[in-house]
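Note that the protein sequences, when read in sequence, are chains A and B. So this note's numbering is basically just the index in the first sequence, starting at one, shifted up by 23. So this note's numbering is basically just the index in the second sequence, starting at one, shifted up by 45.
There could be a bad hint or two in this list.
[Unchecked claim] Below, a list of computed lysine to aspartate or glutamate pairs in the DMTMM-like style, where the Cα atoms sit at most 20 Å apart:
| # | chain 1 | residue 1 | chain 2 | residue 2 |
| --- | --- | --- | --- | --- |
| 1 | A | K234 | A | E212 |
| 2 | B | K111 | A | D534 |
| 3 | B | K121 | A | D427 |
[Claimed, not checked] Ranges between beta-carbon positions, derived for each pair:
| # | chain 1 | residue 1 | chain 2 | residue 2 | range |
| --- | --- | --- | --- | --- | --- |
| 4 | A | L52 | B | V188 | 51 to 61 Å |
| 5 | A | V386 | B | L259 | 30 to 40 Å |
| 6 | B | R292 | A | L502 | 47 to 57 Å |
| 7 | A | V62 | B | A228 | 24 to 34 Å |
| 8 | A | A536 | B | S184 | 54 to 64 Å |
| 9 | B | V77 | A | A536 | 34 to 44 Å |
| 10 | B | P300 | A | L502 | 50 to 60 Å |
| 11 | B | A226 | A | D534 | 42 to 52 Å |
| 12 | B | V188 | A | V458 | 49 to 59 Å |
| 13 | B | A70 | A | V458 | 30 to 40 Å |
It is worth saying that the hints were derived from the structure and are not from the lab. Where is the CB? At the ideal position from N, CA and C, for every residue including glycine.
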Amino acid sequence: MAELSKTQIKRVEQHKDRWSSFGKGTGILDIAEKPTPEVLRNYTLFREFDDKFLERLSPDISIARWKKNSMLFEEGSYIDVAFLIVAGEIQVSIEKQRENTQQLPIFNRSRTMIAGSGGLKPPAQAGMTVFQGQIAKQPVDGSPITYLASVDFNLPSDGVMTLGPGEIFGEIGALSGWPQSVTAKTSSECELVQIRVPALRLLRKRSASLKKLLDTLYRERALFSQLKNTPLFGGLPDSLLRSLVERIELVSCDPDEAIANEGEPCDALYLVRSGFVKMSQRVGEGNIVVSYLSKGGILGDVELLIEGTAGWVYTANSKEYSELAKLSRADLKEILSRNPGVESVLWNSAVNRLKESGYSRRVLRQSEFLDTALGKGLVEGNSILVIDLNVCTRCDDCVRGCADTHGGIPRFVREGDKIANLLVTRACYHCEDPVCLVGCPTGAIRRADVGDVVEIDDKLCIGCHTCANNCPYDAITMLSTGETWPADAIPEGFRGKEKELASKCDLCYTDPAGPACVRSCPHGCATRVGNVAEFRSLLRE
Amino acid sequence: MSKIDLKQWVQEPVWFTGFAAALLACILGYLVNILVSEVNPGNWWGMTYGTVATLLMAGDVLYAAKRRMLRYNLGKSSSWVQFHLYGGALFAVLVLMHTGFRLPVGAMNWMLWILSLWVTGSGLFGVMLQRWIPTILSSGLSVEALYDRIPDLVAGIRERAERIVAGSTETVRDFYSATVAGALSAPQYRAIYFLDVTGGIKEKLKPFEYVRPLLTAEEKDRLSQLEEMFRTKLELDAHYTLQRPLRWWLYTHVPLSFALVILVVLHLYAVLVY
């Protein structure tokens, strides 16, 4: 038997969560994992595909029978699975009374290099500790950046909706990496086809009808609210917005897929709904990275606003899987003619983009750094622990400080990628899209209600490894408790296994003095950075 | 000296400015002392120098305690270190002022005098190491390693290399035994790294180029893996060599610092009681 690669092992491990046989005994009565093509063809969704394609999908699909009143996912949780209801009913509801839920931005303006003034920002705001700086990163009214709200059902507060056979749900959060805005429970015994993200992406790419269905659901459940809550379109009358919802094209891109090619005709404006877009420009015989877009970023502003621009000024490629909204030139013109305010928002964005790309072209090290930042995932991090190796005496006080603050066990390793003089440690990045939260069966890993902090509640953690396997930066470690799960443990997957606990940096968020690693460093070389501009400012030439 | 060099050596300019001001105050005070009074450890002036020096020493010693209480929020460690550093330097100046820049009399005073200068000198030597070694470590090495883990990392490299070699042809096996195996046996201390952080790594990798044309495509791939491991091991040797003085230096400073504290306590007892 061929040896499994590290990625394959991670993939197998990732599915040990509440929606797999690992979670049997909780809400799942029966589950069939990796169904054969014959079994899959019992469901209309899969009938049009050949055996080879269905075999490819199979590892990421399961068919589960859930008992009545089972919790499928909670509001605020991150999931990597969409559900197709075969039989039974599901109740989706907004359970918690969250103020301004629909206005919560999933995009944080301080994370872009072009936020605010457009120049590179200083590493920290004056008079603020690093920790205060992390918390203080809140959007500002009138910002040139477009926010996309974390909404995937247009439900009123405390609203309830019942979904029945043939309906799909959970797909928006799964595909975009956004937290769920609703809670989903079975209101009767249900049979569900559970489709993991890799299979969902493949299906959507292959099946025009499924793509159409998912797009329709997105328009119905999310798009109107999202547009309504963006500074770019928020001021438009509802009637225009509703017509935009129908006219906007929803685009999904694979890693490295081209969205725009420099010099080719530009006929549309793109809004990034999720993922990252790498923007490059031709210099000499090659291309250099000049900027990037994250959630809420706008592509096409420069091209559509500046008269005489022949075509795309940039080449834009999806860095990973990304989702975009595409608005045609004609529709944009209509909006601009009726709402001049939109134009000023676009101008701000365009000017900042031009400033940034100009800087990257002049200073090639900036371009090189952007490329590295995208490649190493630095663009994801809200609080990355970096150490200036030019100053670090390797005394390990940062690690000891962390350990002393957390009961003797450090929550990071002073190892990792080296970028010029900086060491990017294996400490939690507190990511913008925290994939570690996806699939946690108990909700133990979650966003703390402070800034962007991701924390683990030891009382809820059952040591299933899901978060550790999901983390792309190896920033979560599993600690042994020295105990063993009893033979009647639920979920059944645990029985007889060693009890473990997931451990990761919590940014010492309950301590007003800030992270122990930073304050324990005797040479001031340990720093928390919240965006690539801060990171760049620490690099030595 | 370039701007970056200055930043490397004077990490917190505010503290440096404070130190310079305090040093100037000391010099001016001493000049006034010479003009108005005799320089004597037993008079008011001398006692004042000694008292301030003792207080600075006590503050410096507290840093050692602070390092053992990292869980408590006692301020930024970097501020403590700056106090430790500049306070220690001022301590030595004040000790010299206390003795009137004269050689001491009596065994106890000699010991105090020598230990004060030794502790300050070894501290300054440590500061120099701490400014110099990190710069060379980060300048030419692609690998970063924890000093205590280096033996384990080398063992891991050796195991992986031996697995690769076990499935290789005789040519690769012979090459490994003759050129690589010895170097992978354990971390090696090589003083050359102090002068050149690459330690001639490029030259040491040349034999790989000689053997490469003799191999099949598959074997070449294996050789490349071995070459990468060899390079990593040599870089780990650089860390092993250069990080060692950063740790060992403390043995020249800390134990004698505590001896100095004990002697100062005895000195105070002698002065105050007798």
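To see whether the hints hold, each was checked on the structure:
1. K234/A x E212/A: The hint is violated at about 28 Å.
2. K111/B x D534/A: The hint holds at about 18 Å.
3. K121/B x D427/A: Holds, at about 15 Å.
4. L52/A x V188/B: 51 to 61 Å: For L52/A and V188/B the Cβ distance comes to about 52 Å; the hint holds.
5. V386/A x L259/B: 30 to 40 Å: At 46 Å between Cβs, range violated.
6. R292/B x L502/A: 47 to 57 Å: At roughly 28 Å between Cβ atoms, L502/A and R292/B fall outside 47 to 57 Å, so the hint is violated.
7. V62/A x A228/B: 24 to 34 Å: Violated - the Cβ-Cβ distance for V62/A and A228/B, about 57 Å, lies outside 24 to 34 Å.
8. A536/A x S184/B: 54 to 64 Å: violated (33 Å)
9. V77/B x A536/A: 34 to 44 Å: Taking Cβ atoms as reference, V77/B and A536/A lie about 42 Å apart, which means the hint holds.
10. P300/B x L502/A: 50 to 60 Å: Given range 50 to 60 Å: violated, Cβ gap about 36 Å.
11. A226/B x D534/A: 42 to 52 Å: At 50 Å between Cβs, range holds.
12. V188/B x V458/A: 49 to 59 Å: The hint (49 to 59 Å, Cβ to Cβ) is violated, given that V188/B and V458/A are roughly 28 Å apart.
13. A70/B x V458/A: 30 to 40 Å: Cβ of A70/B to Cβ of V458/A: about 58 Å, so the range 30 to 40 Å is violated.
In this structure, the hints that do not hold are numbers 1, 5, 6, 7, 8, 10, 12 and 13, in rising order.
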